[in-house]
Amino acid sequence: MPHSLTGHVIRFITHTRWQDLPETVRRQARRCLMDAMGAMIAGTKTPVGAIMTEMAQEQYPGDQAAILVRNRRASLVGAALANGFAGNALDIDDGYRRVKGHPGACILPVVLAAAEANRSSGAAFLTALVIGYEVGIRAGLIRHATYAAYHSSGSWGAVAAAAAGGRLFDLSPETLRHAMGAAEYHAPIAPMMKGIDTPSMGKDSIGWGAMVAMNAILMARKGFTGIRPLFDDTPEPRWVENLGREWEILNLYFKPYAACRWGQPAVAGALKIAREHHLKPSEIRHIRVRTFEAAARLPLGRPRNTEEAQYSLVFPVAAALTDGEVGPAQVLPPRLHAPELATLMNRISIEVEPSFDAEFPAKAPAEVSVETMTGERFTSGRIEALWEPPDTLPSDADLQQKFLWLTAPVIGRDPACNLAEQIWSADRWADIHPIIDGSRAAV
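The sequence shown begins at 306 in my numbering and counts up one residue at a time.
Careful, some of the hints might be misleading.
[What the hints assert, rightly or not] Straight-line C-alpha distance at most 25 Å; calculated SDA-like pairs for lysine to any residue: (1) K350 - P714; (2) K350 - V715; (3) K350 - D703; (4) K499 - R607.
Derived from the structure by calculation, the hints contain no laboratory data.
Using the sequences and the hints, build the whole thing.
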C-alpha cells in the first residue's frame, strides 16, 4: 500500500490540515456548506424527508446524532440516512459535471453525524468536508470509467463519505482502507437512467450511500475488513496522483433551480427570452427545446409528485415561465398540480441536437425557441445552465440569497439569517452545535 494510489489517497485523508489548504479552497468549503445545508433544510419538508425521518427513528433509533430541523435524534446510521435523503430531496444541491452527479449531499450527512459524535471543531469539520469532495470526485470518475452502466451518485458518494467521516473518527490508515473498501462494496449500484425514466424517491441513491458510508466506518472500527478501494483500478492514474495539488472542489457547479441539472439550460433559455421580450405565458403558442439526448430522456408527462416534477424537462420550463422561479414552492403540492402549468407544458416540444449531445457530459447545452400567439419568434441561442464554472459561478451573496430562499420558509427568516452568518465563520466554531441548534431554532 505505501506506493499504491490507494496509499496516496489515505495519506491525503490523514495528513490534510485546514491551515494548509489554499484560501480559495477554504472559502469554497464554506460556500459548499452554505449550499448543501440550504438544500438539506429545505428537503426536510418533502414527503421523502418525512418518511425517512420516521424510518430512521423506527429502524435506527438512538441519541447519537441530530436529524436536522425536526428536533429529533437517531443513531449515527439513522441520522446519516434521514439527512442524506433530505439533502437531495429537491435536486437543488451541488454537482460536478464529469461525474454526472452530486458530491455534497452524500458527504455532508456523514460528516455532520461524525462531527457531532466526536465533538469535532469547525475547522476539522470543514477539512473533512473538503476531503470528501476531493476523494469523491475522483471515485466518481473511476466508477464511471470502470462500469459500462451509468450508476448514480450514491455508488461513489459512499466512498467519499466514508473517507470524510473516517477522518473525523481518526481511523488508522489500515482501518480507513477497510472502511472505504466496505463502502464501495456495499454501495448502491443504482441504474441512474432507469431512475430518470421512472422518477422515484430513490433519486440519486444519496441517502442510501450516506447510510452505507456510516455503517462502513463503524464496521471497520470493530475490525470488519473491506476490499481494496477502487483507486488502484483507475484507467487514468493522474486523476488520483494530483490529489492535494489540483482542487476539484473549485470546479463544482451550483443549482439555482429545484430540477435535474440536465433540464436547467432549458430553464435558463426560457427565462432569458421571457425577460428580454417581456412575454407572459398567455402570449406563448409554442416552445421548442433543442438539447442533448440524456436530457431528452427526462419525462414529458404531467408530474404526479415532486420527484416527477424535478425529473422533468417540460415542467421546470413551464414553472419558470409562469412563476419566474423553480423552487420548493413550484415542485411541491399544491403548485405542481396547477392547471396553468399543465397547459403550458403541452405547448413544449423537445428535439435532440447532435452537436449538443457530442458536448455532454463535459457541457450540457440547450437552445430554446418561442413562438408567440401573434407569430413572433424568439430564440435564446445556445445556452448552458447558470452557476457553472468557470464563467457564471454564483457570488457569496448569491449563495446566501439562495440559502435564505430555501430555509426561511422552514425555520423562519431571522433564524435563517443567523445560521447563514454562522456558516461563514464555521472554521472558528469550537464544535458544530451552531449548525445543529441553528437549523431547529424556530421549530
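Going through the hints against the structure:
Distance restraint check for K350 and P714: the Cα-Cα separation of roughly 10 Å lies within the 25 Å cut-off, and the hinted pair is therefore satisfied. Distance hint between K350 and V715 is fulfilled; the C-alpha atoms sit about 8 Å from each other, no more than 25 Å. The suggested pairing of K350 with D703 holds, with an alpha-carbon distance near 23 Å, which does not exceed 25 Å. Taken as a hint, the K499 and R607 pair is honoured in the structure, with Cα atoms around 18 Å apart against an allowance of 25 Å.
Checked against the numbered hints above, the structure violates none of them.
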